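Kindly produce the complete structure, drawing on both the sequences and the hints.
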Amino acid sequence: MRLHLSFGILGADRMPLSFAEVQAKARLIEDAGFSGIWSGHHLPVPGDTARTLPDPLPGLLIAASATRSVELGTCIYCLGLVNAGNFAQSAYTLEAFAPGRLTFGVGTGSQKQEWDIAGLDWSKRFTRLEESMRFVKSMFSGESAIEVEELTFGDSHKKYARQRPPEIGEPTLAQKIGSPRFLLGTWRSPRQLHRAATSYDGWLASAGPGTLEGGWKKVFTDSMSIFRDAGGTRALVSTMLLDHEAPTRPLPEDGAFELICGPEAITERLGILDELGFDDVILSPWDSERTKGRQLTPDLLAELRSLYPADESNIFTTAAAAPAS
Amino acid sequence: MRIGMWLPLVDSGGALLDGHAIAKRAQMIEAAGLNGAWLGDHTPIPGDVDRDLPDPLLYLAISALATSPALELGTCVYSLPLRNKYDVAQRCYTLETIAKGRFTIGLGTGSQKVEYDAAGLDWDDRFRRMTDHMAGIRAIFAGKPLGPLYRQHPALDDPGTPVVLDPAVDRGTPWAVQVGPPRFALGSWHSPRQLRRAATEYDAWLASASPGAQFGGWRKVLSESIKAYRDLGGKRAVAATVAVDFWGPHVPLKDDGVFNLFCPPTEAAERLAMLESLGFDDVILALVNRSAGQGRKGLARRYDFTAADLEQVRALLPRDDRDYHDV
Chain D
1 MRLHLSFGIL GADRMPLSFA EVQAKARLIE DAGFSGIWSG HHLPVPGDTA RTLPDPLPGL
61 LIAASATRSV ELGTCIYCLG LVNAGNFAQS AYTLEAFAPG RLTFGVGTGS QKQEWDIAGL
121 DWSKRFTRLE ESMRFVKSMF SGESAIEVEE LTFGDSHKKY ARQRPPEIGE PTLAQKIGSP
181 RFLLGTWRSP RQLHRAATSY DGWLASAGPG TLEGGWKKVF TDSMSIFRDA GGTRALVSTM
241 LLDHEAPTRP LPEDGAFELI CGPEAITERL GILDELGFDD VILSPWDSER TKGRQLTPDL
301 LAELRSLYPA DESNIFTTAA AAPAS
Chain E
1 MRIGMWLPLV DSGGALLDGH AIAKRAQMIE AAGLNGAWLG DHTPIPGDVD RDLPDPLLYL
61 AISALATSPA LELGTCVYSL PLRNKYDVAQ RCYTLETIAK GRFTIGLGTG SQKVEYDAAG
121 LDWDDRFRRM TDHMAGIRAI FAGKPLGPLY RQHPALDDPG TPVVLDPAVD RGTPWAVQVG
181 PPRFALGSWH SPRQLRRAAT EYDAWLASAS PGAQFGGWRK VLSESIKAYR DLGGKRAVAA
241 TVAVDFWGPH VPLKDDGVFN LFCPPTEAAE RLAMLESLGF DDVILALVNR SAGQGRKGLA
301 RRYDFTAADL EQVRALLPRD DRDYHDV
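Here the protein sequences come in this chain order: D and E.
Heads up: the first sequence at position 110 corresponds to 110 in my numbering, and the numbers run straight through without jumps.
Heads up: the second sequence at position 153 corresponds to 153 in my numbering, and the numbers run straight through without jumps.
Treat each hint with caution, since some may be false.
[As the list claims (entries may be wrong)] In the DSSO-like style, the derived pairs of lysine-lysine whose C-alpha atoms are separated by at most 30 Å in a straight line are:
1) E:K297 x D:K137
2) E:K113 x D:K137
3) D:K124 x E:K144
4) E:K297 x D:K176
To be clear, the hints were calculated from the coordinates, so they are not data collected in a lab.
Nothing here was measured: the structure is a model prediction, and the numbers come from that model.
Dropping the structure here:
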């Protein structure tokens, strides 16, 4: 099971890092032997201090500029909230800068207010996500979703149009660059897990609140079974809170999965995830008030990396291993 | 009059530039003594090579990292109503975080109906949507809620009962407020209402240099529009985007046509002097090579400049080193 780290352009004090600091942070993570660098995504809400996260894509761009081979990803990007064409544009632009290294975990997002203030219908989020992903994929396949183009210049009262067939046969920029990998972020919906297995490059599970729906043991076990039975090849779990210096918190099977415990217990708990069949785990270290101000250092990263044996299997070319028995 | 340059997108063989090459091109613009690096924006459509563009903000982010604060970075124009306004606000404050004060985000409705159709948006609603979006973006930077703030989580909460946050609790200052906004410019042709907005609500006006015969030609549109803009108190007028081709067939400049620099450098200098005499503070140029691009499609038609090209461009006008932050 590969270990990855969550990543952002904010420092431990929640203030923005400089460009050089972001680069250095990315380089430290790669040098420590982690397999990937991942960023989350939420859109801001006016006046809501807790919801002014940065756009994850420039951070990944800077990380790409400072690293050689580490995987770069989102966990998750709320695709349904944005223009799918523009998301595809950002995705192929990043893919061009770091060929083969991008993995976009996408999902509906879990915050209704982000949909409400954008004038989008929360109850239709799954449909919109599916339509958006279809559009994104058509960008990379080159299949024209629009048969007739109308060009309009100037104000609407002075518009004129010309029609032309789509440019069949000429590859677009997205086609030339090629598609990054896409993962579907979902908790336990059988339909979504089936989509993750059949229409995406993998499933991105959350260690967060979804596991409260019956607890991590039941949710992870049932979901993994559905995903693998449907032919799913790569299963990742993200939002895995970690604090190896905090007093050990128990891990009840009917609660959330977390790594807030001593190093030995962390190793043991990671072994549980491995046995459940996860191929990758994305760690979110020190996400607590107690450790505010904690900086990533080479020693700390080495300590974290040593919590579980390194897995050198190639993310980019190898299908995930079958679940451990 | 300051000169900004469009960044090239492809190399001379028509291949998309990688990150290092983009950084190099931005450095070349700065080294030539030009004032800014700019890019346009279109939302791609599956299968349509003529609409191919990379994400301009990621290109500008790379450019910011590779150059000094002397070089302004901007969009001309970024199609705001096609996007989620809060997505754009987030992109803006993230850019400001990376390189404070460098960005001028030229915004507009976009001119392509097909991009609205593809996004399931109503083309006829674009100006209302533009106004609404800008209000949302300003609210992010003002840090003021537009209504109750609530948490409603499908796993933690009953979807019907949001947890409303107590407005009396001080939750600190949103990051967007701490970072502050970039400069915003409004891209508009000759609509009096839009010019008023550009003068009173934005930091600059991005005029289009391409109003053709259907609007009365460049001289009428640009001279009338800049007068209206200045009369309303507008401070910075930017002419974008003027195509430059020193090498291809000469195209005479007709008052009732499009403004371009399809002519040798000496004549190009005279043409730019006309723009300057109209009162423009900045012109944004895009080098093209019509002959080389003939028969090519999409991005392959674009031209990759050389240092010598940029020197020629620099020589068209005396240097104007007014600080773009001040205008």
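To see whether the hints hold, each was checked on the structure:
The hinted pair formed by E:K297 and D:K137 meets the criterion: a straight-line CA distance of about 22 Å does not exceed 30 Å. About 22 Å separates the Cα atoms of E:K113 and D:K137, which keeps this hinted pair within 30 Å; it holds. Under the criterion of a C-alpha separation no larger than 30 Å, the hint pairing D:K124 with E:K144 is consistent with the structure, at around 28 Å. The suggested pairing of E:K297 with D:K176 holds, with an alpha-carbon distance near 13 Å, which does not exceed 30 Å.
The structure agrees with every numbered hint stated previously.
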